[in-house]
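K.L.:
All chains should be built: construct the whole structure from the sequences, respecting the hints.
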Amino acid sequence: MLRHLHRDLTKLNDHILALGGRVEEALARASRALVERKADLARKVIADDAMIDELELTIDEECLKLLALHQPVAGDLRFITSAMKINNDLERIGDLAVNLAERAVDLSSHEPLNLPLAFEDMTTTARWMLRDSLDALVRQDPDLARRVCAKDDEVDELNRRHFDILMDRMRRDPEVLDAALDYLTASLHLERVADLATNIAEDVVFMVEAVVMRHGAPPED
Amino acid sequence: MRFAWKIFLGAILVVVTTTLLVEGLAARNLKERRIAQIDQQLLDDSFGMALAVAPVIEAGDRPRLQMLADAAAGRHLARRITLLAADGSVLADSHEQVARMANHAHRAEVEQPGTIHERRSSTLDTLMRYAAERVIGSDGQHIGYARIALPVRGIDDDLASLGKAIRTGALVALLAGLVLSLILARRVSGPLGRISELLSALGRGESTARLPVESNDEIGNLAAAVNDMAAQLQRRQAVLLEEVTQKEAVLSAMEEGVLAVDDEQRVVLANRAARRWLIDPRGDPVNKRLAEITRVPEILAGVRAAVRNERVEDEFSLDVPGLGERVVGLSANPAASGKGPRVAVLVLRDLTEIRRLEKVRTDFVANVSHELKTPLTSMRGYVEAVIEDADMPHAQRVRFLKKASQNTERLTDIVSDLLDLARIESGTRPVDHESVELGALASECARRAASDAEHHGVEVRLHPAEGPLRVSGDRKALATAIDNLLSNAVKYSPPGHPVDLTLTSDGAQHCLAVRDEGPGIARHEQERIFERFYRVDKDRSRALGGTGLGLSIVRNVARAHGGEVSIESATGAGSCFRLRLPSA
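Residue numbers (the working numbering), protein chains in the order written: chain C, 1 to 221; chain S, 1 to 584.
Watch out, some of these pointers could steer you wrong.
Below are the DSSO-like pairs computed for lysine-lysine, each with C-alpha atoms no more than 27 Å apart in a straight line [said to hold, decoys possible]:
{"id": "1", "chain 1": "S", "residue 1": "359", "chain 2": "C", "residue 2": "44"}
{"id": "2", "chain 1": "S", "residue 1": "164", "chain 2": "S", "residue 2": "31"}
{"id": "3", "chain 1": "C", "residue 1": "11", "chain 2": "S", "residue 2": "288"}
{"id": "4", "chain 1": "S", "residue 1": "359", "chain 2": "C", "residue 2": "38"}
{"id": "5", "chain 1": "C", "residue 1": "11", "chain 2": "C", "residue 2": "65"}
{"id": "6", "chain 1": "C", "residue 1": "85", "chain 2": "C", "residue 2": "11"}
{"id": "7", "chain 1": "C", "residue 1": "85", "chain 2": "S", "residue 2": "288"}
{"id": "8", "chain 1": "S", "residue 1": "402", "chain 2": "S", "residue 2": "373"}
{"id": "9", "chain 1": "S", "residue 1": "288", "chain 2": "S", "residue 2": "247"}
Where chain S lies over chain C, by a calculated footprint (3+ residues, C-beta under 8 Å) [to be verified]:
{"id": "10", "region": "16-30"}
{"id": "11", "region": "113-119"}
{"id": "12", "region": "132-141"}
Just so you know, these hints were derived from the structure itself, not from any lab.
Everything numeric in this text was worked out from a predicted model, so none of it was measured.
For every residue, glycine included, the Cβ atom is placed at its ideal position computed from N, Cα and C.
P.N.:
Written out as structure tokens, the structure is:
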């Protein structure tokens, strides 16, 4: 029974990481579509989201099945509940990548605004945060996870700066309202992506530190 | 337990058992024979005695009977002689006074004359064997008994001394056995110990030592065989190791990443190039699960397909820390290893440069056609208009022909730029090595650019270095490069903003920096602007009258001089081009 549980947990872990890979790819493509104004790349992201949703449902089912069938305790239970949360967060990031891609499609039809917007930095940082949070999950590395959490402020700061620059421009030049609003929304989406990556990193810290605690504390299972 | 001890214990066991057995058998045998002797003597003697004493008993001469009994007992009284009357009363005894002796009629030997009986004599307190014989008178009448007794004591003494002799012999045999077994053990267990030491060292793959072959017996043969085996084993191991090392060297020298994954999604092999693409390039990926080392959906899908015995070719882009965005080509192939499970072999190729060059080439062809066609089309239009409209007013005709001429000039510019570029690139025009002072050259170029700049409302500011900056190279080519950088900066600067031309040096390298406050260039375009005909903003660039070759020429000039040109820029924040050249 225990062996079955562990085999299923390994499979769950693999699926979470595979989902992570897809979401990473979607975010990378959406980012490139936004920065390089590539509408076709953005449309691909939108079309591929169905796969992410499907994988999310599969993982959710797997988690519920594991809970019902094995009634796991302690560390295993913690792993499954964390997996459910991370699954949810990843799917949300996938949706945000779609939103970002939609903005990119919109923006590619507008004239570029000559503004010192740092979308290249912002997308790069958000992607790194997602990548590092998943790497931290793989390596069970709470230090890396903590570094992800620390990076969140950078993205928040960029978002604030974008807000200031775009609001200023919109006030002066209402003609660019559409494009500026697109940029503003995109910036907000990226800020949300960073938040969700931070959530994942926090889950990793909880997962790992609890495992460490399990060794020191009275046996729970 | 040591071998010697086993042999020795065996010897002890054998000696002790043999001793006990021999002693027991010998004692029994001896005793039986002695008793038979005694019994024979008892019977013989009692018969003789009965004959001898018959006349004396008939005569009733008691003192003579006593004398006879005493004489027959011998000097050491080894025998006991008792003479009885027919009713059992004692007539004479060699060892006791007759008066103190009871009637012997019911003693077993007396009741059954001619048989032997053994018992403890109550009078002498020793184990004795008895025999009696009837004494027959001259008229055939039963007149008494002659009884003789012999002590058994003598037998036990004999047995004791025999046992002592046997035990002494056994002790000697044991000592000899100990010495022998030690010698034997040393001769056997010494070499055996060395053999086992060598074998376990071989097992660990350590030893190169060989055994001494001391004798021609089984042990010597064994040692020789082991030596042989060790030599062959090491030879084979060396060959194997060589093969493995060679394969490993080949694999790690490969520029393509090779990744093998078994059907349980565990990594079997990953060469050095493959490790570059993984999550944790420093850790050893072998034996880890695939999901732990990569999350690239294309790789995961490739492995899944190859494990199902399908081939997959794919291409994906990957953000590699330290290398940036790379285009990776993947080919996944199933490989069955004998009877073992199927293994997915993935070959990963870095296609970034190839794809980039392909794009450069296609872009170049498209661009060059476009660039050449635009002036040609307009030339043709004007010239045809002039030809077809014979009544065209003179002023208009001149204007048209001027336009056509301008476009010819533009074509000439493009073609000569292209030729320059081709010459520098192919190296057919060797860089003339003359000593050039960058400061003087820069101020010359700045002067040349000044009129154009003024026209744009832009000021070119020269910040010279403290001393002269000498480089060795082609003065004309360097001037072209600086001109191109300056004219770009002037073109893209908004009116009222300055262009700064700064010269610095760190001794080994001189640096010429041209900074403008124009719109800047997005990061993903920064590498591409050095390509031929690449334009960030196509319409605007052409409107400003560039050939699309300027930066390409700058880079080629820089490289031909052993230097490099780089850009630092961000959207909306201006650009700074730096031309670095080695000092002369």
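K.L.:
Now, for every hint given, state plainly whether the structure supports it.
P.N.:
Do the hints match the structure? See the list:
no. : hint          : in the structure
1   : S:359 x C:44  : 21 Å, holds
2   : S:164 x S:31  : 16 Å, holds
3   : C:11 x S:288  : 14 Å, holds
4   : S:359 x C:38  : 16 Å, holds
5   : C:11 x C:65   : 13 Å, holds
6   : C:85 x C:11   : 17 Å, holds
7   : C:85 x S:288  : 25 Å, holds
8   : S:402 x S:373 : 18 Å, holds
9   : S:288 x S:247 : 22 Å, holds
10  : 16-30         : holds (count 8)
11  : 113-119       : holds (count 5)
12  : 132-141       : holds (count 4)
Figure legend: structure checked against the earlier numbered hints; every hint is met.
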